[in-house]
Amino acid sequence: MGLWQSYRLRLQRRRWRVRAFRKRRDLHTVANRTGQIRPSDILLFSTARNEGVRLPYFLNYYRDMGVNHFLMVDNDSTDGSRDYLAAQPDVSLWHTAKSYKRARFGVDWLNWLQMKYGHGHWCLVVDPDELFLYPFCDTRPLRALTDWLDASSIKSFSAMLLDMYPKGRIDAEPYRPGQDPLEIAPWFDAGNYSISRNPRFGNLWIQGGPRARVFFPNTPERAPALNKIPLVKWDRRYAYVSSTHMLLPRGLNLVYDEWGGEKASGVLLHTKFLDTFTAKAEEELERRQHYGASKEYIAYAEGVRENPELWCKWSERYINWRQLEILGLMSKGNWA
Amino acid sequence: MLIHTAFGRAEQVARHWTRASCPVVIHADSAVPQKVYDDFAAALSDDPLIRFSRRHRCDWGTWGLVAATQDAAELMLADFPSVRHVYLTSGSCLPLRPVEELVAYLAERPRTDFIESATTAEVPWTVGGLDEERFTMRFPFSWRNSRSLFDMSVAIQRRLNIRRRIPEGIVPHMGSQWWCLTRQTLSAILQDPKRPIHDRYFRSVWIPDESYFQTLARLYSTNIESRSLTLSKFDFQGKPHIFYDDHLQLLRRSDCFVARKIWPHAERLYAAFLGEAAAKNRAEPTPGKIDRIFARAVERRTRGRPGLYMQSRFPNRGWENGVTAGKYSVFQGFAELFEDFETWLARTTGAQVHGHLFAPERAEFAGGQTLISGALSDNARLRDANPRAFLTNLIWNTRGERQCFQFGPADNVRINWLIARDPNAQISVISGAWAVPLFRSNADFALLRREAAALQKIEAKMLDELRSPDVKARIRTWSMAEFIEAPMEPLQVILDEIGQKSQRRLAEPPRMTDLTGFGQFLQNLKNEGMHPYLMGDFPVDPAPRHGTPQPKKPYLVKKSAG
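Protein chains in written order, with the UniProt record's numbering: chain A, 1 to 336; chain L, 1 to 562.
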């Protein structure tokens with residue numbers, strides 16, 4: 001990479017940060033409990049819109065993992081999730097009615113909150129339908145991982161998005177608040193992911209899984225990106241570029257080994273495909289607030305209306321992280 | 001006991017030692033804030049067997065660690081005259097066996113010094129490329145904090161060939177910094193009249209804490225056991241592995257006396273090992289028992305799993321350590337020349353045999369499936385968006401089961417080069433066999449001619465690739481004419497190499513397509529100005545004018561008898 005490109009990326013990073021700074025005005029404080037944050041706390045950042053039904057399980061899942069404080073942006077929910085979140089003792093909540101799209105799908109808002117509150121902390125950025133898994137997560141708390149990353153001088157940790165789905169129609173079984181979504185949607189695609197390198201940002205670009213297979217078989221290049229870097233030891237000079245797929249400075253995107261070895265990595269179980277999905281796809285279709293002119297949602301809405309069955313005879317049923325390790329979807333790397 | 005953090009744990013462990021009447025001298029890094037230090041010292045002030053030594057700044061790999069150890073050891077030897085062995089530990093060390101067992105073990109070996117100590121020439125431990133040079137250069141800059149200055153000073157000294165003189169009588173040794181020395185040896189080191197010379201020398205050696213005592217012990221000890229009683233595992237960067245709750249059984253089985261590093265929040269480990277003593281145990285420490293798991297971690301981090309491409313392993317070309325995960329066979333021209341070749345091959349080898357995986361319409365998976373292991377789709381667009389990922393995925397998903405597939409110039413041939421440089425691939429080509437389906441088809445001749453020209457051009461290019469010097473696959477090519485002459489032998493060789501089923505000679509050969517009129521077909525192409533050459537020299541039939549009038553080669557059963 002030449003100096004020129006390096007300079008341009010620096011400018012771009014500055015632009016995202018300035019943009020995040022401007023977008024801070026979108027956010028109105030509902031409950032600010034950030035005073036509770038201690039210097040060593042692990043923070044979670046998330047944007048939610050009408051995810052009320054998922055929130056109880058989501059919050060408990062990450063509390064048990066060892067997240068100390070949640071910083072959430074409520075994008076004008078109408079299902080009462082704002083009040084629910086505001087009442088949680090470890091949640092700081094901001095509200096906005098502004099456009100999700102014009103905040104670059106929430107990235108600007110979270111970049112701003114991270115800039116302000118995340119500096120020097122390990123920050124996890126996930127959506128309410130994403131469940132983070134890392135090696136040994138059944139026996140070691142998240143702090144064991146972040147301590148180890150600190151000791152190894154690693155600043156960012158990759159966790160690929162793994163789409164989970166039910167057997168049978170997506171809307172067959174209703175999801176109840178507090179329920180483990182994996183009870184309904186425990187299936188996933190084990191080995192149909194294709195990877196290429198993004199020369200500009202140095203990150204890997206992963207596509208595939210059931211969404212590429214069922215919704216984008218004829219336009220695979222439009223299938224959603226599955227690479228994510230959700231856990232970062234944040235510095236106020238950092239910025240997410242596009243969702244949590246990639247960051248600047250570029251060094252943070254080098255979460256993979258290029259010389260044959262394996263670095264440690266995790267998985268984000270993506271429990272999007274519950275009965276709530278059909279309604280959500282229709283709604284998003286109307287709002288047109290999602291990435292790429294909501295093409296993804298158009299494809300979903302069409303695919304879902306026809307035959308919402310993602311399961312096939314080669315689908316794999318989720319057991320635990322060790323299974324995903326053996327399948328090669330994540331790795332322990334050097335952590336033993 | 002050297003500490004700099006996790007004071008609660010340090011206090012817990014210190015009290016564990018004194019409970020077994022072992023005195024403890026604690027050194028706390030001078031970087032620890034005074035307030036924290038005072039609280040910690042006050043908390044332990046009720047224990048008469050605990051002392052605190054003068055504080056030094058202990059940056060990694062600096063002299064401070066040695067100075068701290070010297071002061072603490074002097075204090076220990078002066079204040080507790082009954083002490084015979086001194087054990088150097090850190091705040092993140094955890095005694096795994098009852099202290100009484102360690103005391104008994106040392107009492108049985110009153111003259112033995114346990115200190116890992118080896119000359120630089122004989123061990124491959126060093127990380128960072130400095131082994132002997134760490135004793136012959138000066139290191140004024142911190143490796144941690146000013147790496148570039150550190151590297152620059154090393155480069156300058158190398159360039160100018162600056163070498164320090166090693167003090168007389170000293171042979172540099174290195175080893176784990178966690179030792180257990182006898183009073184005799186330790187006091188000899190500390191009271192040596194030449195100590196100022198030694199100290200001055202080691203002050204600017206790199207990582208003196210791993211060489212000062214290790215070297216000097218060699219001067220005075222009568223009986224060195226070159227091993228550390230502290231169980232400590234290092235990763236590929238030379239950083240110690242950390243132990244967690246789930247290592248409990250592993251640590252128990254090791255029979256080691258002390259382990260480091262323990263994660264300070266490993267509640268179960270601290271509870272288990274600092275709690276009640278277990279049954280009497282006089283076993284020798286056997287750290288080897290747990291080596292395997294940590295050796296595997298290093299292997300995974302440095303070499304990875306061959307043929308795996310994933311979010312945290314995406315090797316550059318040439319660094320794959322195995323382009324694919326397992327052996328597979330590629331057949332070009334066989335399915336065209338033989339009838340029902342795939343069924344025959346599957347029956348003979350027991351392997352999974354696919355059709356043309358890279359066919360233009362779809363990936364022809366075995367058994368006509370539309371999806372296969374790993375939910376890999378037969379959709380041609382999905383496949384062609386990244387053919388390389390398609391193939392490596394297929395081989396990874398079916399590891400343990402041999403894969404065979406058909407290939408040819410009518411397929412997506414972008415993958416040809418990847419296969420050619422993959423040592424796992426076995427490629428067998430009958431060149432020119434693509435003409436057989438054309439010959440048997442019922443299309444207009446003009447169309448066939450164009451098609452034949454195109455296919456021949458593509459196959460010629462593929463063959464060129466297979467002849468490149470960088471090829472790693474096992475490749476065999478025959479022209480079609482050559483192959484038809486003696487088909488059994490090549491088939492036998494290929495099957496032997498796949499070597500899954502029958503070691504016997506081939507009993508049942510595949511049935512060859514009826515080629516009557518093929519020579520004429522080729523001649524017709526030639527007459528049209530398209531020169532088919534890849535299939536070799538085919539006579540215009542009926543081939544042999546003399547002898548039987550009947551065409552001779554619809555079957556090749558005859559040769560199979562053998």
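Since the hints were derived computationally from the structure, they do not count as laboratory data. One thing to keep in mind: the hints can contain errors.
Over 12 Å on every C-beta distance to chain A, these chain L residues come out as not near it, computed from the model [stated by the list, open to error]:
#1 Leu44
#2 Ala325
#3 Trp396
#4 Gly536
In silico BS3-like pairs for lysine-lysine, Cα to Cα no more than 25 Å straight-line [stated by the list, open to error]:
#5 A/Lys167 - A/Lys280
#6 A/Lys233 - L/Lys239
#7 L/Lys327 - A/Lys233
Partial list, derived from the structure: chain L residues whose beta carbon lies under 8 Å from chain A [stated by the list, open to error]:
#8 Asp235
#9 Ser312
#10 Asn316
#11 Leu371
#12 Leu382
Backbone N, C-alpha and C define an ideal beta-carbon position, used for all residues, glycine too.
>> Let me make sure I understand: some of the numbered hints might not hold for this structure. Which ones are they, in numerical order?
In response: 2, 3, 7
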